[in-house]
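*Asks:* Heads up: the sequence shown at position 196 corresponds to 195 in numbering that gives the first Met the number 0, and the numbers run straight through without jumps.
In short, the hints are calculated from the structure, not lab data.
Be aware that a few hints might be false.
Using 20 angstroms as the maximum straight-line C-alpha spacing, the simulated EDC-like pairs for lysine to aspartate or glutamate come out as follows [said to hold, decoys possible]: (1) Lys-186 x Glu-43; (2) Lys-306 x Glu-385; (3) Lys-155 x Glu-200; (4) Lys-108 x Asp-312; (5) Lys-81 x Glu-248; (6) Lys-186 x Glu-220; (7) Lys-291 x Glu-362; (8) Lys-108 x Glu-362; (9) Lys-186 x Glu-238; (10) Lys-108 x Asp-288; (11) Lys-291 x Asp-377; (12) Lys-371 x Glu-298; (13) Lys-79 x Asp-243; (14) Lys-108 x Asp-96; (15) Lys-359 x Asp-377; (16) Lys-332 x Glu-298.
Quick list of simulated restraints, FRET-style, between CB atoms [unchecked claim]: (17) Phe-77 x Leu-40: 43 to 53 angstroms; (18) Leu-67 x Arg-350: 31 to 41 angstroms; (19) Pro-331 x Glu-414: 35 to 45 angstroms; (20) Lys-98 x Leu-244: 25 to 35 angstroms; (21) Thr-381 x Arg-177: 38 to 48 angstroms; (22) Arg-350 x Asp-288: 38 to 48 angstroms; (23) Pro-208 x Asp-288: 38 to 48 angstroms; (24) Thr-381 x Lys-306: 19 to 29 angstroms; (25) Ser-256 x Thr-430: 33 to 43 angstroms.
Heads up, the beta-carbon is just placed ideally off N, CA and C, and yes, glycines get one too.
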Amino acid sequence: MVTLVGICPIVPDVSRYNSPMFWRVLPVLFCSAAALAGDGLSPETLLLARAKTHMSQMLTNLPNYTCLQTIERTQRLFPKKKPSLLDVVRIEVALVDGKELFSWPGSGKFVDTELSDMVRGGAIGTGSFGLHAKAVFQGNSAVYHYEGIEERNGRKTHVWSFQVPQMRSGFTLRAGSRESVVGYSGKFWIEAATMDAVRLEVHGDEIPPYLRISAASDAIEYQRVPIGAEHYLLPSLAELRMSDLVGNENINRTVFSHCRQYSGESRLLIDEPDAATEPKPPEPEHVYDAPKGLTLDLELTAAVTLKGAAVGDPVTAALQNNVRIGSGVVLPKGALVHGRLTLIRPTYYGRQSAIAIGMKFSEAEAPGMRVKLNAEFDSLRTVTPEYLNRPNFPQLGNTRPENATMFGSIIFVRETTPQLRRGLRMAWHTTPLETEDQQ
0 MVTLVGICPI VPDVSRYNSP MFWRVLPVLF CSAAALAGDG LSPETLLLAR AKTHMSQMLT
60 NLPNYTCLQT IERTQRLFPK KKPSLLDVVR IEVALVDGKE LFSWPGSGKF VDTELSDMVR
120 GGAIGTGSFG LHAKAVFQGN SAVYHYEGIE ERNGRKTHVW SFQVPQMRSG FTLRAGSRES
180 VVGYSGKFWI EAATMDAVRL EVHGDEIPPY LRISAASDAI EYQRVPIGAE HYLLPSLAEL
240 RMSDLVGNEN INRTVFSHCR QYSGESRLLI DEPDAATEPK PPEPEHVYDA PKGLTLDLEL
300 TAAVTLKGAA VGDPVTAALQ NNVRIGSGVV LPKGALVHGR LTLIRPTYYG RQSAIAIGMK
360 FSEAEAPGMR VKLNAEFDSL RTVTPEYLNR PNFPQLGNTR PENATMFGSI IFVRETTPQL
420 RRGLRMAWHT TPLETEDQQ
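All chains should be built: construct the whole structure from the sequences, respecting the hints.
*Replies:* What follows is the structure, given as structure tokens:
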């Protein structure tokens, strides 16, 4: 069974696609093809040229933008027929200068990293946000075949199939430490009235057996979405499916929402401010690294409702003790400690049905100071029957040794528990800070 699979379609020669010369030449080629219609080009060839020209312009004119990506991950274990929910993941994805970047909600920091390095313990993929469309509509590696006209969701669409051989592909499949570039094929539906893409399907071809993946596919639905004063064609839904050689299947259903234009920090100075009215600059913020071995007495500042919760959701606790960070530096009682959910999944605790809740805390803030930290869970100081962690059974704290790295620290609660209550007290201790690659 594949326990960690990533799909990262890479647009071949992407620098060429993004070059100004490419965008100047492409429309000219298509216009020239139209001019040659009298020389025997088929109506299907001209129609494909129109569709690719329109979609290429749509992709070229996209602003840098970001959306909230909510991924519902399910798994069907052979020979069962019905998939069961693993978890829900919420993460922000941005398309910036042709790259997909990712961020935990609310962190305000997008990173150029593999999504599989941020989201662990199941199937995960990239490409549905923008890279698949770039490869199919702006690339020159595919062979296309017109399939005819089809009614889809009340709209008349033209349908094409396509195929890209492995030698010209940038479609990468990964299973654990094993990976391979594979060929791919699929279909796309273009609305006849507007030339907008309605749906795009991509399937991995001739997957090598050493990956232990029998099938991998991604299907994306598109719709016009307002960003600022304009409406842009963006993905709205995506469904990723992966199967292993045994017959187990992972299904990820992704919804894109809250799309908006992405912009970095900027300042606009119109006039020099009058010295008499210029506001005083804010007090400088000092940033510290928490050493290992500190005890943190934390209390949740808000309830964490488990129904509808997702990996990536923020968690905030208030510090209940003064903590000495260094010589003369104290993180005061009442400081806010910020983290996120890293796991929320049905499981068993011994023989009891339970919910495993993973948490990681990474930063604390107080007036004039910010502290970077990494922490591990020690014990619950609020003891009620719904919490199953017991200090005298430490071996049951984590189901596998690698969980501390993958998911942070895990708290087990009974499956009927509605929430982690506001005011929940927990003891944590700091450990060495993670590197950027580990975070």
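*Asks:* Does each hint hold? Answer for all of them.
*Replies:* Going down the list of hints, with the structure as the test:
1. Note on Lys-186 and Glu-43: the hinted pairing holds, with a Cα-Cα distance of about 15 angstroms set against a maximum of 20 angstroms.
2. At most 20 angstroms may separate the alpha-carbon atoms for a hinted pair to count; Lys-306 and Glu-385 meet this at roughly 15 angstroms.
3. A C-alpha spacing of about 18 angstroms is found between Lys-155 and Glu-200, which places the hinted pair at or below 20 angstroms, so the restraint holds.
4. Restraint check for Lys-108 and Asp-312: satisfied, since their Cα atoms lie roughly 15 angstroms apart, inside the 20 angstroms limit.
5. Of the pairs offered as hints, the one joining Lys-81 and Glu-248 holds, with about 10 angstroms between alpha carbons and a cut-off of 20 angstroms not exceeded.
6. The hinted pair formed by Lys-186 and Glu-220 meets the criterion: a straight-line CA distance of about 12 angstroms does not exceed 20 angstroms.
7. Restraint check for Lys-291 and Glu-362: the C-alpha separation of about 14 angstroms stays at or below 20 angstroms, so the hint holds.
8. A hinted pair counts as satisfied when its Cα atoms are at most 20 angstroms apart, and Lys-108 with Glu-362 qualifies at roughly 14 angstroms.
9. Of the pairs offered as hints, the one joining Lys-186 and Glu-238 holds, with about 14 angstroms between alpha carbons and a cut-off of 20 angstroms not exceeded.
10. With a C-alpha separation of about 19 angstroms, the suggested pair Lys-108 and Asp-288 falls inside the 20 angstroms cut-off, and the hint holds.
11. The hinted pair formed by Lys-291 and Asp-377 meets the criterion: a straight-line CA distance of about 14 angstroms does not exceed 20 angstroms.
12. Between Lys-371 and Glu-298, the direct Cα distance comes to roughly 18 angstroms. Compliance with the 20 angstroms bound is thereby established for this hinted pair.
13. With a C-alpha separation of about 14 angstroms, the suggested pair Lys-79 and Asp-243 falls inside the 20 angstroms cut-off, and the hint holds.
14. This hinted pair checks out: Lys-108 and Asp-96 have alpha carbons roughly 16 angstroms apart, not beyond 20 angstroms.
15. A threshold of 20 angstroms between alpha carbons decides the hint, and for Lys-359 with Asp-377 the separation of about 13 angstroms falls inside it, so the pair holds.
16. Distance hint between Lys-332 and Glu-298 is fulfilled; the C-alpha atoms sit about 11 angstroms from each other, no more than 20 angstroms.
17. Remark: the range hint 43 to 53 angstroms for Phe-77 to Leu-40 is upheld by a beta-carbon distance near 49 angstroms.
18. Taking the beta carbon of each, Leu-67 and Arg-350 are about 38 angstroms apart, inside 31 to 41 angstroms as hinted.
19. Between Pro-331 and Glu-414 the C-beta distance comes to about 38 angstroms, which sits within the given range of 35 to 45 angstroms.
20. Take Lys-98 and Leu-244: their Cβ atoms lie about 33 angstroms apart, and the range 25 to 35 angstroms holds.
21. Separation of Thr-381 from Arg-177 is about 44 angstroms and conforms to the stated range, judged on CB atoms against 38 to 48 angstroms.
22. A beta carbon spacing of about 42 angstroms between Arg-350 and Asp-288 agrees with the range 38 to 48 angstroms that was offered as a hint.
23. A C-beta distance of roughly 46 angstroms is found between Pro-208 and Asp-288, which places it inside the suggested range of 38 to 48 angstroms.
24. In this structure, Thr-381 and Lys-306 meet the distance hint of 19 to 29 angstroms, their C-beta atoms being roughly 21 angstroms apart.
25. Separated by about 35 angstroms at the C-beta atoms, Ser-256 and Thr-430 satisfy the suggested range of 33 to 43 angstroms.
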